[in-house]
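S.K.: If you want the building blocks of each chain, they are given just below.
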Amino acid sequence: MDATTTNVAATSTGQRPPTSGELFTGFLWLGMTGFGGVLPMSRRMIVEKKRWLTGPEFTDLLGLCQFLPGGNIINLSVAIGLHFRGLRGALAALVGLIAMPTLIVVMLGMVYDRFQNDPHIQHMFAGLAAAAAGLLVSMAVKVAWPLRGNPAGMVIAALCFVAIAVLRLPLLPTMLVLASLSILAAKRWPR
Amino acid sequence: MTAVLLSLAAIFAELSLLAFGGGNTILPEMQRQVVDVHHWMSARDFSAMFALAQAAPGPNMMVVTLVGWRVAGWAGVLVSSLAKFGPSSIVTGLVMQVWQRFKDRPWRRVVQAGLVPMTVGLVAASAALITLASDHEWSLAAITTASALLMLTTRIHPLWALAFGALAGLSGIGLS
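First to last, the protein sequences are chains Y and H.
Following numbering that gives the first Met the number 0, the numbering of the first sequence begins with 0 at its first residue and continues without gaps.
Following numbering that gives the first Met the number 0, the numbering of the second sequence begins with 0 at its first residue and continues without gaps.
Just chain Y, same shape as in the assembly (with noise of 0.2 Å):
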């Protein structure tokens, strides 16, 4: 079916570009084996396995994909998938990437209502979320270092800190009045 589709993209590495069902695949596959972090895993499948797109063209696209707002694994999966298959290729890539978390997500979820009143398994859930905090604490440790030596970098992380985790304020003020802030200091003081 995809054979008569106009407007394919042809891949720079000489490869077949995909059809929507290898696009389902392929993200499907990605999406059950990226735990703790999708980024590594899918570089390794999409340009060195199955070589849709060149290294540059990869970290180009992926450039994009940080740049706009969603999850950038997300972004990429709807950006490859438009690329070479347009919004069927999209929506095949996305639900093909989603698909399993998905449906192992709401199997977790319905571990922990079936036992949360068990007294074991409540500790271990407690233990779990936790260890889950201590990820996001050395996540926020690794972003903020390439920030020292930025002054204002550090002042408008610091102001943003207060507003949602202190004053507990709406994210879409802050972020309105914040970021425009952090662009400015950021084209004042080009780094």
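If you are wondering where the hints come from, they were derived from the structure by calculation, not from laboratory data.
We put the CB at the ideal spot given by N, CA and C, even for glycine.
Warning: the hint list may mix true and false statements.
[Claimed, not checked] Example chain Y residues on the side facing chain H (calculated, C-beta under 8 Å, incomplete):
{"no.": "1", "residue": "G62"}
{"no.": "2", "residue": "L67"}
{"no.": "3", "residue": "N71"}
{"no.": "4", "residue": "L81"}
{"no.": "5", "residue": "V104"}
{"no.": "6", "residue": "F124"}
{"no.": "7", "residue": "A128"}
{"no.": "8", "residue": "G133"}
{"no.": "9", "residue": "A157"}
{"no.": "10", "residue": "A164"}
{"no.": "11", "residue": "R167"}
{"no.": "12", "residue": "L170"}
{"no.": "13", "residue": "M174"}
{"no.": "14", "residue": "R190"}
[Stated by the list, open to error] With a Cα cut of at most 20 Å, we get these calculated DMTMM-like pairs of lysine to aspartate or glutamate:
{"no.": "15", "chain 1": "H", "residue 1": "K102", "chain 2": "Y", "residue 2": "E56"}
{"no.": "16", "chain 1": "Y", "residue 1": "K186", "chain 2": "H", "residue 2": "D103"}
{"no.": "17", "chain 1": "Y", "residue 1": "K48", "chain 2": "Y", "residue 2": "D59"}
{"no.": "18", "chain 1": "H", "residue 1": "K102", "chain 2": "Y", "residue 2": "D59"}
Following the hints, complete the assembly by docking chain H onto the known chain Y.
M.R.: Same frame as chain Y, but now just chain H:
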């Protein structure tokens, strides 16, 4: 039920368009909406949902799916997934058409650099709020500290830190 689904759609569609710098930046607003504004679950339950989503494979935004499921079953899963992944995907599709034209412009770099401090503030806020909601005992605070240190000082896979936390919790040491 329809009202709940509409609220889910509105919340996640807004978050979808505000999630600059990845999914963890919108956790505080998600928690505020789900816990403080709509009272769909306690802050502790929200942390548990986040932890379950971290333990599952795939993109790190699966907490959205879990919240939808908890609040409104499978209909909630469908509505919150569409709302969370739809708007940002449409933006991606639209911007892709013009990306070649502006990716090398100076303002693109300025905007991207300007968003970095926001990401830092928001991820730090996520970490603080989720930690506060999760660590209601000293032993849990110890697990959080250990897991953060493991991730900062070694290159082990995050799943090991989660497994360690679950086992330490199961042991029941320091837990009432």
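S.K.: Indicate, hint by hint, whether the structure satisfies it.
M.R.: Now the hints, each set against the structure:
no., hint, verdict
1, G62, "holds, 7 Å"
2, L67, "holds, 5 Å"
3, N71, "holds, 6 Å"
4, L81, "holds, 5 Å"
5, V104, "holds, 4 Å"
6, F124, "holds, 5 Å"
7, A128, "holds, 4 Å"
8, G133, "holds, 3 Å"
9, A157, "holds, 7 Å"
10, A164, "holds, 4 Å"
11, R167, "holds, 6 Å"
12, L170, "holds, 4 Å"
13, M174, "holds, 6 Å"
14, R190, "holds, 7 Å"
15, K102/H / E56/Y, "holds, 13 Å"
16, K186/Y / D103/H, "holds, 16 Å"
17, K48/Y / D59/Y, "holds, 19 Å"
18, K102/H / D59/Y, "holds, 9 Å"
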